[in-house]
Amino acid sequence: MKLSGSIQRLVVLLALVAPVACTPLPQFPFAANADLAPPRIVGLGFRGPAQLSVGFDEQCELVAESLLRGETLRETEVTVASTSVHELLFSFAPPPDPGSEHSIEAQVADPAGNNLRFVARFYGLNELLPAMIINEFTTQGSGTHPDLVEIRVLTDGNLAGSCIYEGIPGDWDERFVFPDIAVSAGDFIVVHFKPLGLPEEVDELIRPNESGGYDASPEAWDFWVPGGTGLSGNNGVLTLCENPIGGIIDGVLYSNRTSDSDDRYRGFGSTKVMERADYLVAEGAWSASGLVRPEDAVNPEDSTATRSMARSSDGSDSNHRDDWHITPTRGLTAGSENLDEIYAPD
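Numbering follows my numbering, with no gaps: position 198 of the sequence shown is 203.
Any given hint might turn out to be false.
As a list, the in silico EDC-like pairs of lysine to aspartate or glutamate whose alpha-carbon atoms are at most 16 Å apart [claimed, not checked]:
(1) Lys277 to Asp267
(2) Lys277 to Asp176
(3) Lys277 to Glu206
(4) Lys199 to Asp178
What follows is a set of in silico ranges between Cβ atoms, one per label pair, in the way DEER data are often shown [unchecked claim]:
(5) Glu306 to Arg335: 28 to 38 Å
(6) Pro350 to Leu159: 29 to 39 Å
(7) Ala349 to Gly295: 30 to 40 Å
(8) Glu306 to Ser341: 40 to 50 Å
(9) Ala190 to Leu41: 30 to 40 Å
Everything labelled a hint here was simulated from the structure, so no lab data went into it. Glycine included, every Cβ here is placed at the ideal spot set by N, Cα and C.
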């Protein structure tokens, strides 16, 4: 999770940037060199789990009494220091919870009196995230086997704040943000994208055998997407991220279309899917030669509610469609090791 230098991976979303209360315009004759521009934020990141760095494009100071804390930080002490003329460092005691969204609001002013008020929404830095891969999924769900995504845990860690999307950060149809759960290498996580509203469909927070419902696994950690309506059947993108703002851990592109399916969008059928596919490739989470095409995707054509799209049982991950196969009928193994047998049409 570390970047070069001392600032770690960005986990902050700038929700609002608006100039306020700029100094009055000078009286004519006009002062050609007057500074009328407010400061701009040019960098956001964590210096460890308890310090949030906000960088600006010019010298500025925090306006007295302007700092406001979001509801989740009401019991948290927040102090602000200037580590340089272009940076403010917000320190939290205790550190913000990685499993919850937080916000701070503040106002800064440059030497000319130009002001900027901003709101930053963020998740705390989780330094204990495990390595994980998307391991198996179904998009052609039925009433008794609704759409799901299985995640395989590769190292010990904690899930707090990590997120699985149908889509990508900032452009998604469904998502689930994981709570504070300690997991071990070899664990499986099953995210149910189309819950049926059954009382036994509960998120497992203590033990992996607490949940019921269709395809719930007594050995895996089961979670249910609130209000989930299922996954796109034949054309979509799944991403697993470090937090709801970004930092891709793994991703999958699937499509039964071709470059000739339409004259626009490279055959993907919509700007949405095309741009999500481009994002996966740009982030190094999927492989394509040149511009990504539907032919670079996992083809879900022969999959069903029980013929899953799955990796090999050894979890090979080259970020390529060749990592994936369609299992035989009733080959879905949500919550346990994948089948290596490949579906063969009659």
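Query raised in the report: Do Glu306 and Ser341 keep their Cβ atoms within the hinted range of 40 to 50 Å?
Result: About 25 Å separates the Cβ atoms of Glu306 and Ser341, which means 40 to 50 Å is violated.
Query raised in the report: Would the pair Lys277 and Glu206 pass a check requiring their Cα atoms to be no farther apart than 16 Å?
Result: violated (31 Å)
Query raised in the report: So does Ala190 sit 30 to 40 Å from Leu41, Cβ to Cβ?
Result: violated (57 Å)
Query - Pairwise hint evaluation, Asp176 against Lys277, where the allowed Cα distance is 16 Å at most - result: holds (8 Å)
Query raised in the report: Would you say the C-beta atoms of Pro350 and Leu159 sit inside 29 to 39 Å of each other?
Result: holds (33 Å)
Requested in this report: Could you see if the CB distance from Ala349 to Gly295 stays within 30 to 40 Å?
Outcome: holds (31 Å)
Query - Pair hint Lys277 and Asp267, alpha-carbon separation not exceeding 16 Å - result: Judged against 16 Å, a Cα distance of about 15 Å means the pair holds.
Query raised in the report: Does the alpha-carbon distance linking Lys199 and Asp178 stay inside the 16 Å limit?
Result: Since the Cα atoms of Lys199 and Asp178 sit roughly 12 Å apart, the hinted pair holds (cutoff 16 Å).
Requested in this report: With 28 to 38 Å as the target window, see if Glu306 and Arg335 comply at their CB atoms.
Outcome: With Cβ atoms ~18 Å apart, the hint is violated.
Checked against the numbered hints given earlier, this structure breaks hints 3, 5, 8, 9; the rest are met.
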